[in-house]
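K.L.:
Listed below, chain by chain, are the residues.
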Amino acid sequence: MAAAQAPTKRKKMMLWTGILMLVAIFTLPLTGYLATGSVEAEEASEATNPRADTWRQVRQGSEGYSAVTGRETNELIQGSGENWRQLRNGPMATYGSWLLVGVLLVLSAFYLWRGQVKMTHPRTGETIERWTVNERFLHWTTAVLFVILGITGLSLLYGRLVLIPVLGKEGFGVYADLAKLTHNVLGPAFMVCLLIMVVIWFKHNFLNRIDLEWFKAYGGMIGDKHPSAEKLNAGEKMWFWTLATAGVALCLSGLVLDFPNFGQEREVIQLAHVIHLITALILVAFSFGHIYIGTIGTEGALEGMTGGQVDVAWAEQHHDLWLKQVQEKQHSK
Amino acid sequence: MARMKFLCDAERCIECNACVTACKNEHEVPWGVNRRRVVTIDDGLPEEKSISVACMHCSDAPCQAVCPVDCFYTTEDGLVLHDKDICIGCGYCFYACPFGAPQYPQEGAFGARGKMDKCTFCAGGPEEDNSQEELDKYGRNRLAEGKLPLCAEMCSTKALLAGDGDIVADLFRSRVVRRGGRPDNWGWDTAYKD
Ligand code: HEM
Ligand code: SF4
Ligand code: SF4
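In the order they appear, the protein sequences are chains A and B.
Sequential numbering from 18 applies to the first sequence in the numbering used here.
Sequential numbering from 57 applies to the second sequence in the numbering used here.
Same shape as in the complex, but just chain A (with noise of 0.2 angstroms):
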């Protein structure tokens, strides 16, 4: 039997190394592209001909004098607005496109193919606590402000493409600038939610062996194995450390572009929107999949969260080892 695993289990490593591979591939280049100077290439230098130094210094970006006063008055060509330009309309936009229609393709594939995971056993009758008002005034609070910030800055990056046709452009522009303001406002809000989050949940999501287990069984979605899991299974954490990091990023990089009046210069804002974008990408990506799971996909999953309770019968079925842990606590009380 052991011997027959191993063959499997070694695929499942390589294909998971393959995806971090591929990921890395595609995004780690394209933050130096960023802080290169200019796309064009560099003509012939003179070095000795004072008036081509002048001109050189020009191209590079360096900085002269003005009597105008403003943001960054005095530079002359600033090279890398037109390397952020090629980055969002290209790359980001297209493979973001891929990315999120691509989830949810998989997402529809996989539920007519296993359907709902089912409760294993009848319900008892017999519930436990499994998230306060409080957690769950938070989730739902920062959740409808994620949905609103996902709409409305999804709206400025792919509206030109399919909402402008549908709405025509006065349409559209009447939206976006209500779209714009929302996003603006609702950003900080939905920061101080998600940093809230991060430290009351915390405690329950170190990752640990048991999780490990819990992947090797693709947390009980194939097949009919159901591996242990605590109060957040492996799935739930992996969820968890994406928002901890790369929500916070995507939260920090929104301040920048939000608060334009600390004088922030236009590299730094480039550099902070792909940032944005990208953890944006990847964040409403992941969403998919939680919500998925939460609702259609899981028989039981979202009373947790709505009415805070859940039957001993589904907590045994997911969560078998908090279950555990619940039980003990009320027997030692």
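Some hints here could point you the wrong way.
[As the list claims (entries may be wrong)] SDA-like mimics (lysine to any residue), calculated; alpha carbons at most 25 angstroms apart, straight line:
(1) K140/B - L171/A
(2) K80/B - G81/A
(3) K186/A - D126/B
(4) K171/B - Y175/A
(5) K249/B - Q103/A
(6) K140/B - E187/A
(7) K171/B - N106/A
(8) K186/A - E183/B
(9) K80/B - N278/A
(10) K140/B - L173/A
(11) K80/B - V85/A
(12) K186/A - K80/B
(13) K140/B - L274/A
(14) K186/A - G237/B
(15) K171/B - I286/A
(16) K171/B - Y192/A
(17) K186/A - A168/B
(18) K140/B - N201/A
(19) K171/B - T199/A
(20) K186/A - E189/B
(21) K140/B - T86/A
(22) K171/B - L178/A
(23) K140/B - V85/A
(24) K171/B - L272/A
(25) K214/B - E92/A
(26) K171/B - N201/A
(27) K140/B - I181/A
(28) K80/B - T86/A
(29) K186/A - D116/B
(30) K171/B - A84/A
(31) K193/B - L198/A
(32) K171/B - L288/A
(33) K346/A - E146/A
(34) K171/B - N91/A
(35) K186/A - S115/B
[What the hints assert, rightly or not] One side only, chain B facing chain A, incomplete, derived with CB under 7 angstroms:
(36) N90
(37) T96
(38) I97
(39) D126
(40) Y151
No wet-lab data here; the hints were simulated from the structure.
This structure is a prediction, so every number in the text was calculated from the model and none was measured.
Just so you know, even glycine gets a beta-carbon here, dropped at the ideal spot from N, CA and C.
Since chain A is already given, all that's left is putting chain B with the ligands on it; use the hints.
P.N.:
Leaving out everything else, chain B with the ligands in the frame of chain A:
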């Protein structure tokens, strides 16, 4: 149709900032916004040079490419103009523009941007030529009156040239030949592909 271009002859520009002032006055440009500026490099040194810069009306304009609401349009003269009724003041055109041309009147707290304003090559906007609305939003439409941009028209040293790109290039070339130097038509390889 002519392809309109700007050119600033750095051998002639004396950093008098008259173009900046003329533009601001002619178009009643909003507070805090300057459509044109003069930048001096190596200020105070023997090799000091000054250049007057505004929107260059690029071919394949970066501002136009990144605008989320697609409010830019290119005229038959090759001018890159925009529609303030649609603009949402997101700032993207400023991030993308090589010349730092787009400007924003401050609107509300935390530096929130109002609708973008930039040089129109004295050609107004999408409103009816020389209407009051056009004047209020974009400034005067001198092109519709058969005149060229005021900044270049009143430049005392004729450093700043504006008009049909071919004529501007010829004029500049003849100067360079007489002067015996290298043609440094500043910004053209960034701005123009035609
Ligand atoms: C769920 C979280 C969020 C998502 C999915 C998201 C997504 C996006 C997207 C897709 C864009 C447009 C990029 C483009 O057009 O190229 C954007 C822009 C922006 N985001 Fe977010 N964002 C989120 C959270 C935040 C937060 C927390 C803040 C602020 C703290 C923020 C502030 C901004 C700002 C200021 C812009 C520029 C919009 C403008 O000024 O027009 N975002 N966001
Ligand atoms: S100079 Fe800037 S604002 Fe003007 S057309 Fe070029 S990119 Fe657009
Ligand atoms: S500020 Fe206005 S013109 Fe510039 S990119 Fe944004 S919406 Fe377009």
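K.L.:
Look at each hint and say if it fits the structure.
P.N.:
Evaluated hints:
Annotation: proposed proximity of K140/B to L171/A holds, straight-line Cα distance about 22 angstroms (limit 25 angstroms). Taking the CA atoms of K80/B and G81/A, the gap is about 22 angstroms. The hint holds against a cut of 25 angstroms. This hinted pair checks out: K186/A and D126/B have alpha carbons roughly 7 angstroms apart, not beyond 25 angstroms. About 21 angstroms separates the Cα atoms of K171/B and Y175/A, which keeps this hinted pair within 25 angstroms; it holds.
For the hint pairing K249/B with Q103/A, the CA-to-CA distance comes to about 17 angstroms; that is within 25 angstroms, so the pair holds. Between K140/B and E187/A the CA atoms are separated by roughly 11 angstroms; this keeps the pair inside 25 angstroms, and the hint holds. Proposed proximity of K171/B and N106/A is supported: the alpha carbons are some 22 angstroms apart, at most 25 angstroms. Our distance criterion of 25 angstroms between C-alpha atoms is met by K186/A and E183/B, whose separation comes to about 16 angstroms.
With a CA separation close to 23 angstroms, the supplied pair K80/B and N278/A stays within the 25 angstroms bound. Using a Cα cut-off of 25 angstroms, the hinted pair K140/B and L173/A holds, with the two alpha carbons roughly 17 angstroms apart. Our distance criterion of 25 angstroms between C-alpha atoms is met by K80/B and V85/A, whose separation comes to about 12 angstroms. Only pairs whose Cα atoms come within 25 angstroms are accepted, and K186/A paired with K80/B is rejected, the gap being roughly 30 angstroms.
Our distance criterion of 25 angstroms between C-alpha atoms is met by K140/B and L274/A, whose separation comes to about 22 angstroms. Note on K186/A and G237/B: the hinted pairing is violated, with a Cα-Cα distance of about 48 angstroms set against a maximum of 25 angstroms. With a C-alpha separation of about 19 angstroms, the suggested pair K171/B and I286/A falls inside the 25 angstroms cut-off, and the hint holds. This hinted pair checks out: K171/B and Y192/A have alpha carbons roughly 15 angstroms apart, not beyond 25 angstroms.
Restraint check for K186/A and A168/B: the C-alpha separation of about 23 angstroms stays at or below 25 angstroms, so the hint holds. Between K140/B and N201/A the alpha-carbon distance is near 20 angstroms, which keeps this suggested pair within the 25 angstroms criterion. Taking the CA atoms of K171/B and T199/A, the gap is about 17 angstroms. The hint holds against a cut of 25 angstroms. At roughly 20 angstroms between alpha-carbon atoms, K186/A and E189/B fall within 25 angstroms of each other, so this suggested pair holds.
In summary, the hint linking K140/B to T86/A is supported, as the alpha carbons are separated by about 24 angstroms, within the 25 angstroms threshold. The hinted pair formed by K171/B and L178/A meets the criterion: a straight-line CA distance of about 22 angstroms does not exceed 25 angstroms. Taking the CA atoms of K140/B and V85/A, the gap is about 24 angstroms. The hint holds against a cut of 25 angstroms. Proximity of K171/B to L272/A is assessed by CA-CA distance (about 21 angstroms); at most 25 angstroms being required, the pair is judged to hold.
Between K214/B and E92/A the alpha-carbon distance is near 23 angstroms, which keeps this suggested pair within the 25 angstroms criterion. For the given pair, K171/B sits about 16 angstroms from N201/A by alpha-carbon distance, which is consistent with the 25 angstroms threshold. Taking the CA atoms of K140/B and I181/A, the gap is near 17 angstroms; set against the 25 angstroms cutoff, the hint holds. At roughly 14 angstroms between alpha-carbon atoms, K80/B and T86/A fall within 25 angstroms of each other, so this suggested pair holds.
Distance restraint check for K186/A and D116/B: the Cα-Cα separation of roughly 20 angstroms lies within the 25 angstroms cut-off, and the hinted pair is therefore satisfied. With a CA separation close to 24 angstroms, the supplied pair K171/B and A84/A stays within the 25 angstroms bound. Restraint check: the Cα-Cα separation between K193/B and L198/A comes to about 22 angstroms, which is no more than 25 angstroms; the hinted pair holds. Of the supplied pair hints, the one linking K171/B and L288/A holds, its CA atoms being roughly 23 angstroms apart against a limit of 25 angstroms.
At most 25 angstroms may separate the alpha-carbon atoms for a hinted pair to count; K346/A and E146/A meet this at roughly 13 angstroms. Restraint check for K171/B and N91/A: the C-alpha separation of about 23 angstroms stays at or below 25 angstroms, so the hint holds. Simply put, K186/A and S115/B have alpha-carbon atoms about 22 angstroms apart, close enough for the 25 angstroms limit, and the pair holds. The criterion of a C-beta within 7 angstroms of any C-beta in chain A is met by N90/B, whose closest approach is roughly 5 angstroms, and the hint holds.
Hint on T96/B holds. Least Cβ distance to chain A is approximately 5 angstroms, under the 7 angstroms limit. Look at I97/B: its Cβ gets to within about 4 angstroms of chain A, closer than 7 angstroms, so that hint holds up. Among the interface hints, the one on D126/B holds; its C-beta lies about 5 angstroms from the nearest C-beta in chain A, closer than the 7 angstroms criterion. The criterion of a C-beta within 7 angstroms of any C-beta in chain A is met by Y151/B, whose closest approach is roughly 6 angstroms, and the hint holds.
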